[in-house]
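Going down the list, the sequences are from chains H and F.
Heads up, the first sequence is in numbering that gives the first Met the number 0, so the first residue is 0 and it goes up one at a time.
Heads up, the second sequence is in numbering that gives the first Met the number 0, so the first residue is 0 and it goes up one at a time.
Please keep in mind that the hints were generated in silico from the structure rather than gathered at the bench.
Chain copies aren't distinguished; within one or between two, either way the pair holds.
Quick list of in silico lysine-lysine cross-link-like pairs, DSBU-like style, CA-CA up to 35 angstroms:
(1) LYS138 - LYS22
(2) LYS164 - LYS143
(3) LYS138 - LYS55
(4) LYS164 - LYS22
Small disclaimer: the values here were computed from a predicted structure and weren't measured.
Number of protein chains: 2
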Amino acid sequence: MTITRMINGVDVGRLTETIDAIKHDPEIATFRFRASNHWDSGGHNMTTIHDFFGAKQNVDHRHDFHISADEPDMLLGNDQGANPVELALSALASCLTTTLVYHAAARGVTVRAVESELEGDLDLRGFLGMSDTVRCGYKNIGVKMRVDADASQEILDELIELAQKHSPVFDIISNPVNVMVTGEPMVASTH
Amino acid sequence: MTITRMINGVDVGRLTETIDAIKHDPEIATFRFRASNHWDSGGHNMTTIHDFFGAKQNVDHRHDFHISADEPDMLLGNDQGANPVELALSALASCLTTTLVYHAAARGVTVRAVESELEGDLDLRGFLGMSDTVRCGYKNIGVKMRVDADASQEILDELIELAQKHSPVFDIISNPVNVMVTGEPMVASTH
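Chain H with its partners taken away, still in its complex shape:
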């Protein structure tokens, strides 16, 4: 019998079961996430998230998610969506938050609220190809998290540490990831 024990909206019973299952069969932990993107015009394009592979099976999301990206007028777009580097901040923000909340739940710490503010500094000369010494991406990113939880300052500090230690997107941004890009001409009939 599974006992449902919800902490912070996370089913801690299922979380424990998942960890036990992975201990017995690590292949369950192998995930492959997917996205497809379709360019519209200028800085405007749309990403669709449809399915992923995990726990040895392909899983469709309940419905497709569409993420519109564009550039503001200052960057020659029509401002129909957050721009790609803003989307990167959203990925980081959501990941740190989810990681904090899940790890708090696993430790039995009730969290009442989490808010964060992020800033990333970027020199446009990289993107524009105006300099070989200026990097294209963020020089640095600052994240301020505010947490309201049933916990001492020491536990709060530990949760902030755990969020960074175990957040996939924090790792992806803080450390190098091998990205392999291949390009091919489009077959006329596919678009």
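Take the given structure of chain H and dock chain F to it, following the hints.
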């Protein structure tokens, strides 16, 4: 007089003006992008993109952009949005696409269509804190881009190279970024 010359939906006249302005005053290229995030419950949280700083001024987006993140049922969420690592793929996809399109426009290459598919491999044991040797983020990411353009195979290959060389999010994911996270207790009245 500014001559409007649109290629791929990008105003190449303004692009040239921007580059010239930055050559004269590199501080114009200093940008700071921002995001704020508010946790809802479990794996569900919402990022808001409101404004940014660039070209020596603070600029509000035409309206706020809201990006919902959640986890699928298999990862103990309610599937109300793409999850954070899927959002990271969307940031990468949109950035490679925009970079390719803008650099094609700057070179006078007309692009008719760009599509891409991305996959990222991730071992959940990192996120779950089950291993100190398994990384939390993607082990690797594969990107397949398909481009339909008025260009030879050689030019297409060059555009794919330029997309990687100058994409801010490709840089952010491929190379380390310093991320500084600070945490503080929330003042009760702020939420």
